[in-house]
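Chemist: What follows is each chain in one-letter form.
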Amino acid sequence: MTGMIEVIVAVFVIIGVFFAVVSAIGIVRLKDVYSRAHASGKSATLGVIFIMLAVFIHFLSQGEMNAKILLAILFLFLTAPVASLMITRSAYRNGVKLDKNTVIDDLKEMYETDDSKQNK
Amino acid sequence: MMKKPNNMMLQTLARLIILVVLSFSIYLMLAGHNSPGGGFIGGLMTASAILILYLSFGLNPIKKVIRFDYIKIIGIGLLLPGITGLVSIFFGFSYLKQFFGYFHIPLIGEVELTTALPFDLGVYFVVLASALTIILTIAEDDK
Amino acid sequence: MPFQILINVLLAILWMFLQNEYTFVSFLFGYLIGILILFVIRRFLKFDFYLKRVWAIIKLIYLFMIELIKANIDVVKVVLKPKQDHQPGIVAVRTSLESDFEISMLAALITLTPGTISMDFSDDSKTIYVHSIDVPDKEAMIKDIQDSFEKAIMEVTK
Amino acid sequence: MTLLHWAVLSPFIAAILIPFLYKYLKRIHTGWFVLILPLALFIYFLSFIPETSSGNVVLNNLDWVPSLGINFNVYIDGLSLLFALLITGIGTLVVLYSIYYLSKQKEKLNNFYVYLLMFMGAMLGVVLSDNLIVIYVFWEVTSIASSLLISYWYTREKSIYGAQKSMYITVFGGLSMLAGFSLLYVIAGTFSIRELIANADLIMASSLFIPAMILVLLGAFTKSAQFPFHIWLPDAMEAPTPVSAYLHSATMVKAGIYLVARLTGVFGGAPEWFWIITIAGLITLIWGSISAVRQKDLKGILAYSTVSQLGLIMSLLGAGSAAFYFQDGDSPLYMTAILAAVFHLINHATFKGSLFMAAGIIDHETGTRDIRKLGGLMTIMPVTATISLIGLASMAGLPPFNGFLSKELFLTGMLSVTEYGIFNLEAIGFIIPIIAFIASVFTFLYCILMFYKTFMGKFDISKLKVKHVHEAPIGMLISPIILAVLVVLFGLFPNLLAYSIIEPAMAAIAPGILSPGEFFDVHITHWHGFSAELFMTLGIIVLGVLLFITFRKWENTAFYRGEQDLFNYAYDYGYDGLIKGSQWLTRIQMTGRLRDYFIYMCTFIMLIMGYTMYRYNLPLIQNLDLSPIPVYTWFVILVFLGSILTIPFLNNRIAIIITTGVSGFLVALLFVLFRAPDLALTQLLIETVSVVLFMLVFYHLPKLKKVKTPPKMKTIKLIISIGFGLMITLGSLSAFSMGQEANYESISEYYTENSKEKAGGYNIVNVILVDFRGLDTMLEVLVVSLAVLTVVSLIRLRFKGGEDV
Amino acid sequence: MELLMSIVIGIIFSVSIYLFMSKNLLRVAVATLLLSHGVHLLLVTMSGLQRGASPILSFDAEAYTDPLPHALVLTAIVISFAVTALLLVMSYRTYKVHKTDDLEDLRGSADE
Amino acid sequence: MNNIIILPVIIPFIIGAILILLYKRHSMQRVISGITMFVLLALSVFLAIYVYQHGTIVLEVGDWKAPFGIVIVADLFSTLMLLLSTLVGTVCLFFAFQTVSQDREKQFFYPLYLFLMIGVNGSFLTGDLFNLFVFFEVMLISSYGLIVHGGTGYQLRESFKYVIINIFASALFIVGIAWVYSITGTMNMAHMAQRVSELDQTGALNIVAIIFFIVFACKGALFPLYFWLPRSYYGPPAAIAALFGGLLTKVGIYAIIRTFTLIFNHDVSFTHKGLIVTIAGFTMLLGVLGAVSQFDFKRILSYHIISQVGYMVMGLGIFTPLAVAGAIYYIAHHMIVKTALFLFAGATQKITGTTDLKKMGGLLGTHPWLAWLFFITAISLAGIPPLSGFFSKFPIILAGFEEQQYVISAVALLVGLLTLFSMMKIFSYAFWGKQKHTEEQAKIPVGKLLLPILPLVALTIILGFAAEPIFTYSMEVAEEIMNPTNYIESVLKE
Amino acid sequence: MFDIVMIIALSALSIALVLLFIRIIIGPSTQDRILALDAIGVLLVGFIGILMILQDTSVFSDIVLVLTILGFVGTLTLSKFLERGVVIDRDD
Ligand code: NA
Ligand code: NA
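Chains as they are written, first to last, in UniProt numbering: chain Y, 1 to 120; chain C, 1 to 143; chain V, 1 to 158; chain R, 1 to 805; chain S, 1 to 112; chain P, 1 to 494; chain F, 1 to 92.
Just chain Y, with the same shape it has in the complex:
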């Protein structure tokens, strides 16, 4: 039984770490801040969620219902999208350049029209 749990925990940890590392690679490799946000916002979060599940399982197997870990997972879920949004939006509003491969930018319109409105 313990062995079984250990395997599950280990697998969860390995998956989690894998995602985390990939996300880190992504953050280094990807070309603009918006793309990197993808790596950070998803992979890192997911990776850590896996690890935390492993932790939860580990303690659950010892008969300890560690709700704080669950809460932490929930929290990561809830906050990751907002964090991504806030970072990318602030980047955009501060004029951080999009990657030159970028094919489309609908957001530009909104800010331009807004500016022209203000100019009038």
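In short, the hints are calculated from the structure, not lab data.
Heads up, a few of these hints could be off.
[What the hints assert, rightly or not] So, partial list: chain P residues that the calculated Cβ filter (under 10 Å) puts toward chain S: (1) Leu140; (2) Val175; (3) Val268; (4) Pro368.
Ideal Cβ placement from N, Cα and C applies to all residues, glycine included.
Let chain Y serve as the given structure and place chains C, V, R, S, P and F with the ligands on it in line with the hints.
Modeler: Just chains C, V, R, S, P and F with the ligands now, with coordinates in the frame of chain Y:
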């Protein structure tokens, strides 16, 4: 000046999150005597929760809701431990002598009451108010 | 008011979680603290929120955990691709969802799924600006979002 | 407190009353009230003559700071009585003179008389105390009072200059003297002069004898304007003339003489004492007389003359100290010098006092003291001229005035030195009378010059600022007349003073020389035949007249063209040099650069710690019992070190802030590894808030400039920072190693054991915080509040400077 | 472990001192932060590391790490945080008033 | 009863907290803080007398027995310091009432002031090393608040450096605490002293001793750790400059004396007679030369603080009862005189609107009271007898000669002369010379401003004339602290 | 074996930390750095989680929760601040 950002999503989320954070912060404050935490940590967590509110809703809406003068809370927070300590003098003990006891309350059972609590509560208030005051003061500063 | 009581009960349960102590005292205490918290921040609690949705939301979260894993695999592919030649872009996605809560949820789900991130909203909150890591076809992408997530949310909320 | 104590303190008490008398009794010149005191004191002191002349002393004890050996024991013997009489006697005359000299309408008489009384009291204290420290106390008060009197016309640049100069030089001397006194205390364990004299042998045997002597003499020499410390005296002439007459010729400058005379009993007999004092006196004598000739200001001449005369007295005391070597009081060979010293001291007070007052009269009436503008006053101011003539003749050493007698005794004393046959005097002693002779020639010369240039020649009103010149009012003349009369009186009947004043003073200077009941033979005669002294006197007159006649031919030589004393340049350069030097020194330290401060501080700390480690053999670090390092700890530490070491290389603000934040988070992680959950929690919280604050604050600051630090500076910075880190590491290891060796049980054991039972908490750290060490936490919270209050006030208060004081 | 930490702490001190000697407000402020990390770690290190469980009695253990340094460091952390906050606002105001963050320009002359 | 000795900390704590609540009402704050300072003064007078009569009082805070809890210890030395600090605090506060603007008063001037008193008083009273650190920090942070209060460009610029250097010193304080804890396993100073005395590892102990010396030397502005002082004291209002000039460095000096008599007395010939004496010499000399170099009222006074602390430390370094008594006497003298001098600077500034000596002149004519009171105080500082300055320097110098420390004694004397030199510079520039202030300025009354200073001037005179009782008292203090067994036994109840 | 897996996991996480650290250093935009910081915060949660398994103690679970909250608050504050140079809006 750029257009105002649309904080709709942030606000929606904040409503949810602060409940968790606030309860957690109070938990940290109260549980400090027996597990990691305490007034200082709890106070900063509460401050974080309130900071989330400020960030999401802006200054004035929050002002209408939280009408405390943080500076006065600091004063009160300081008075709490100061006066808790004095109490022991009146009972003929040394300053800051703490008392604790386990009381049996019907329905609820064994409860531990300790003078360390008002003490830590003072810490909590000071830290909470301090953190908010600093951030708000800087934020309020023009240019 | 019933909503507040609900929140309060939830907080009390949360409290038991935190205490790691599932007793009546703990619940009672949590309830009292909940009252305190709700008193302080009472003016913020204007959710258009019904009990039945809670379950739906939880269901939704489970649903998208699967999506999430898929999404991550996509991201892994992009990240590990030797040549970084994907074509990112920002796409305005119009939604027919009504409430703030729904729109927020949609935005969050968009972020959590393959290669897309919600970046901004229009002033009326009806348009979500989505950054996609690879946009070979804009319309297809918009349609994809509207078909899957929007619908799913509507089902949950209506 | 005896009457005698009150007598010493009475001037101070009177001084307190002065401002009120001045304020509320405007119509009466304050001087009249003041006059009563010195007069009464003079009479009071006269009453001690019978006591002292019969060889007795009066000693009244009073404890002051007994635990430091300081007692205000007042002591009257011949020497102190002589000085007390001089102080009060001349004091009376000076106060009287000042009443006419200082206008009650224009002058701030309250200041003047307060200073004067302070001085008088202090001077009495100096000469009447038995305790060296009390002497020192009063000594410094005389310096202060003197400076204040010099600065009396405090708006004048020159007064300020003179006041400061006199203060610095005399206080310098006073401090050396204090050091000397302290050494004497270290040797003999007492500050009492009588006890010191009793222990003279012990003192003489000490290795500290010479330093003590030199230090004490520095005090005496500065006060008595001995070469080269004399330079303050001419500048002190900025004081009102009564002050010059009183302090700077009759009393204060003689405090040094007093001290030397008083301590002859302690130091006398040592060759060093003999040589130093004699040589210093002679150099002062000759330098003063030669310099006096250069002066164009009446008071300047008198000042240098005073310098010279003080040198004369000093040299006599030096010569006389040989008596202690022989322990033979009967021989006039040694005692003449001391006799001459005492007698000339009195004479100088009389003639110099009158001369100063005369000079003051001339200044008062003509508006100038410049001898180039004066001339022909003989007919206009006949009384003044007569007074001056008497005074100058006495000073020049002409019969029948008292100066002649003491000058003759001086020459005798100097001549007899060559016959002592000790201290190598047979070889070089002949130089002493030669110097005395040359100096006396110049003394004679400036006396003639002064009289000639002022009273003879042509009177030219156009050179003066005033319209009419006439003789001074009678009130102003009384004091100089009294003094002039004394000059004549002591000249004609020198033995008036012989056994009442002079002999007791000599006995006090040379204690223990005579056996009890014996008296020195003091018999001053006008004629001792055709002795060497007589021929010397004639030679002085002839040469003096010759120089006077040829004066026009050499008065424009390089040395005589200027008035400024060469040693003044030393003082002025020293003064400027001190300020400039200190400015330089301060500038290189207080650069205003934090970097420099750190370089200095860290270098210092490293040096001192390094030295200690070296001195005590660092291998204190031994047998370390180290806990194992888990593998994963390495990861954390390496990443942590990476983040820390990157920071100095970063040139982007945000990168620096965030990297710092990361290192902070890693510290929290380390706390996790070290099993300190509370710490980790707190660290995380604080680090987050810090990063946020950093961003808020620094985001708007300008981009970091890529500063090019010069390689030298970079090296210095590197050496210092690496060295400092190393020092911390080594210090920590040695402390750790020693802790393991000492193996004391930590007080923490108590916390672990009692946290639950006695404080009702499971989280020991929290229990320590809120209970065992609750006070710390209470204050820690206060610190936080304080920071907040400051932040708020910083943001809200924006003064420009000058809003309030 | 203690040896390693002593070296690490020495390095933290070195970097911090190095930064103290720079010309820029921010670097100096960062230096204070690093310095406080250094001393806090030192305080924990000097009583021995990893020689017991976390000092919370509800988790039974044979030995607990020395809780006193933890408490002391906690206090010290809070204090240095307060000081840092103050320092930051001070540098902020300094910059606003003097329009520079270069300490070389903030020298002031010796005799104003 | 023992609780009374913590009141000098608790009273300002609680009142300060109340003043925060009243922060918008400046006149009320004024009244309350004034009364508080008076109460504190009365309390410390009482404590000084009580301890003198009944011996050391120890309070175990929270009833946790020593060495486990924090102890507050009132012995002769600490009560003397307490008395002096509250005296200085009271005087400066009353000066502040008349000089400080309302804007300041509404920005927590009084709470900061009272909290500073907590830090200072607590530092004197605590018997626990870490608690001392915390009290130091309370004092320092209040001092940051007060030194930058007003936020002028000058204040900001110089306070920044002040804060940084103090942060550095505080960090080293913790280093020292870590080291000493590692060796002795305790924070209680008496316990520490006991354990240190049982050890024979001079080397490692010296390293620890030196780190503490450096820390306290930095707060005490000793060579070469004084760079923060002269310029930063120029910025704040006169009342604060006076309070700082009188108090703050003395807390550092107190800590040095306390620790180097109680704990680190294992290797006196190296630490005291070698290191401390040398440092004292440089401190005195460089400090006074700094004063000589300046032409500004406040700056000269600031540099003098440095040179004066040198004397105190010299007394400790010579380490005979006479010398230590001198040092204690000196502390008392210095706190009184330096406070008075800074307040005089303030009064002068109120008239002339400047502290630049070259812009002043002739104040003796228009403000004789100011001039003469200043003069007395100034020459007292220079050590001119029979004022307090002399009787505090003299024992130290005498002891120096007795211990054959000739060089340092000579330096001490020379510094006295240079002190006089620079004080006379103030007097001659500001009070002598041609009047440089306008007739309007000449009419500015300073009588009320001088009122709070008067007791200080009176004290410098009394401390001189009544040197015997004061010196005997200092001697008793010195003997008590040089013989720490009494302290250790009182604290550890053995 | 289990422990070795955990240690390898930790080493991998450390490498990930270093990678993120590189992003902090090279930027180029502030948002990049915040992004990386946010990710580091998240990774630290994982790191502590694994430590909890490794040391078999749940004493750090509070830390985990706190860290997630703080990571969010920090990111939120910073990006909010960067958006307009104001942290807290006053007008709405
Ligand atoms: Na805690
Ligand atoms: Na706490």
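Chemist: Checking against the hints above, which ones are violated?
Modeler: Per hint list: 3, 4 violated.
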